[in-house]
Amino acid sequence: MKKTAIVIFLLTLYINGNCQYQSISFYVIAHPDQWELFMGENAYQDISSVVNGPQNKVVFIYATTGSDGCNSGHLNISNYLTRQAGANNSVEFCADKVGSHSEWFTDHVSVQGHNILKYIYKNTVSYCLRLPDGCNGQNIFGQSLQLLHDGAISSIIAVDSSATYTGWSDLTNTVNQIIISEKGPIDHIYINTADTDVSINKGDNPDHIYTGMLCMDAVNAISPLTINLFVEFGVAALPSNLDEFSIATNAALLSQLDYTGTENGLPSEWTTLNINYMSRNYFRTVIK
Amino acid sequence: MKHRLLFIISLSIIGSNISFAQSSRISFYFSAHPDDWQLFMGVNAFKDIAAASTGNSNKVVFIYTTAGEANCNSLGVNKGYYLARQESANRSIQFCSDIYSPHSAWKSSVISMQGVTSHDILQLSYKNIVCYFLRLPDGCEEWVPATITKLANRDITSLMTVDSNTTYHGYDDIVETVKNLVDYESSTLQQPEVWIQASDWDPLISPADHPDHTQTGRLATEIASRVGYASLALFEDYNTCNKPCNLTPGEIAMEASLQSQVSFGRTHSGWLPEWDPENNCGHVSWATRNYFRIYSTATDTKIPTTFLTISPNPAGEAFNINYKVMEDGPVNIALYDLTGNLKATILNEYQNRGVYTINYHSGTFPDGNYIICAKISGHMNTLKFTKL
Chain V
3 MKKTAIVIFL LTLYINGNCQ YQSISFYVIA HPDQWELFMG ENAYQDISSV
53 VNGPQNKVVF IYATTGSDGC NSGHLNISNY LTRQAGANNS VEFCADKVGS
103 HSEWFTDHVS VQGHNILKYI YKNTVSYCLR LPDGCNGQNI FGQSLQLLHD
153 GAISSIIAVD SSATYTGWSD LTNTVNQIII SEKGPIDHIY INTADTDVSI
203 NKGDNPDHIY TGMLCMDAVN AISPLTINLF VEFGVAALPS NLDEFSIATN
253 AALLSQLDYT GTENGLPSEW TTLNINYMSR NYFRTVIK
Chain W
123 MKHRLLFIIS LSIIGSNISF AQSSRISFYF SAHPDDWQLF MGVNAFKDIA
173 AASTGNSNKV VFIYTTAGEA NCNSLGVNKG YYLARQESAN RSIQFCSDIY
223 SPHSAWKSSV ISMQGVTSHD ILQLSYKNIV CYFLRLPDGC EEWVPATITK
273 LANRDITSLM TVDSNTTYHG YDDIVETVKN LVDYESSTLQ QPEVWIQASD
323 WDPLISPADH PDHTQTGRLA TEIASRVGYA SLALFEDYNT CNKPCNLTPG
373 EIAMEASLQS QVSFGRTHSG WLPEWDPENN CGHVSWATRN YFRIYSTATD
423 TKIPTTFLTI SPNPAGEAFN INYKVMEDGP VNIALYDLTG NLKATILNEY
473 QNRGVYTINY HSGTFPDGNY IICAKISGHM NTLKFTKL
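Residue numbers (the numbering used here), protein chains in the order written: chain V, 3 to 290; chain W, 123 to 510.
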């Protein structure tokens, strides 16, 4: 009887926990379209790695809602949710490469006392902090990651008022706890985020850069780690460096994102600039 | 091969776009299955949908000949599967169109189109884009008893749609129906420039293609010929994965995005993906290559109309040579070996417009590969076959 209980316990742990995964990849990004535009090929490979099923768990941590409302000064929550649904479509596209279609699970979890929206789909988990967008440095909403980091504001409130972060360390501790809880016993940890070195990652959106800083601060005490630091807006000025299969995959991810957006009335993200990003992928790897 | 090069005037366009500067244009895409145009004609379709989505002077019409139910491994029609493929194709259209103009609602109706008899056909439209689903059976394998190819070859006399909504009595019934459909859609624009896109039916140009693709290409070619003022683009299909990638990164993005919508539509409905970048000859490799030739009234290049077929192929000692004469005139049919040596003159006479079959006995010719060359109505057509 005791033996059976132990077997059931281990089985439950295996199913619900991380025992089935050999590695875990975190994508810590500012906006719902950021990983598709600049890290798409890496994310696709991480989600759809196929050796007897997905071997890798992938966790997306979205810091802000994206730039909706920056022009009007009024955030539309439904637009944000549409953009998030578009990102989820891109995740589903990758995940359904392996195995059969499944159900999405939506949850609200408490991390460090903060309410965070969480989605689960097969071997992926997405956390949405829903912080206000910095509007490319214009700080239209009076709050941004940059302002919080620089101490210009003492707290930052999620756009739906679901959570308040009292200072930069509160935010980094929260992201740190997400990473700790998701990685569990997995040893092979990969972090993907925007390169915080602005001499390498030139001209990037401040939200991207400060989310990169948030990520680096959050993993400061975690090791071993492999960190991929991505060049973002600046890749448009760099030579195309992807083969046709990788370009196709990047385009597929942007396409999924865009379908949901346009279907719900948002302007298309299929722009000349974004198409340029599809054929470029530049990052440096830091081993910790 | 030399004969091909001498007599077929074709333009092989590699890595270029068809450019359109007309005030009014209608583009027909003949697609045997719901995913064919995205895989093999995606760049052209993307640009045509864009043009049709930004003004009322352009229109795109997709004509899907089969349901694409692909029931090769099972008996019976899987309605859920072909509806999922249909929905996936619609996703591709909506995605592309919504880039250029606000989202709109799909409209659905059934139209009655006259062929030899009258046929009800499902019509779905989105903005200036119209789709017709003929829902003929998918001819995925030779054993499938009733296919459009078998109807064209007169192996069968009628063909019922997979939803049992209508039956086509003879191949000409399909030709007349689709011709009327093309005329009907063309009449909605004022003197439009008409383009017809389809799979290349020439096995020497597009080898090892799906029989539904080939036959749908023949159908499109015959329609283009009868329209008279249409330009025809014939696309290579499966074989393109053996050729170099010839699209720009932006064009790859266009075609791949369309195919990704197909794949998402499939998986979201519980079917297997059609996304395989790990495969050197699969959907993604097809979606990164476009090869086609153009017959255009603008270049005075006549649209071929002979539609030479051999059945069976591989052939035994006796086989049928089937062909169509579109205009009264001299017909010359000859048999060559692969090195270009004339082995036999099969026919050399004046024939009237019509469909013909010659039952030919190859006699003592050794087993191997041969080429039939037929000059009919001023067009040279060649066909490779194997004698066993």
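In case anyone wonders, no lab produced these hints; they're calculated from the structure. Any given hint might turn out to be false.
[Said to hold, decoys possible] In silico EDC-like cross-links for lysine to aspartate or glutamate, where the CA-CA straight-line distance does not exceed 20 Å: (1) V/K120 with V/D162; (2) V/K185 with V/E271; (3) W/K506 with W/D450; (4) W/K229 with V/E265; (5) W/K509 with W/E471; (6) W/K169 with V/E271; (7) W/K465 with W/D450; (8) W/K201 with W/E315; (9) W/K365 with V/D162.
Keep in mind the model is a prediction, meaning the values are calculated, not measured.
Structure versus earlier hints - violations, ascending order: Structure breaks hints 2, 3, 5, 7, 8, 9.
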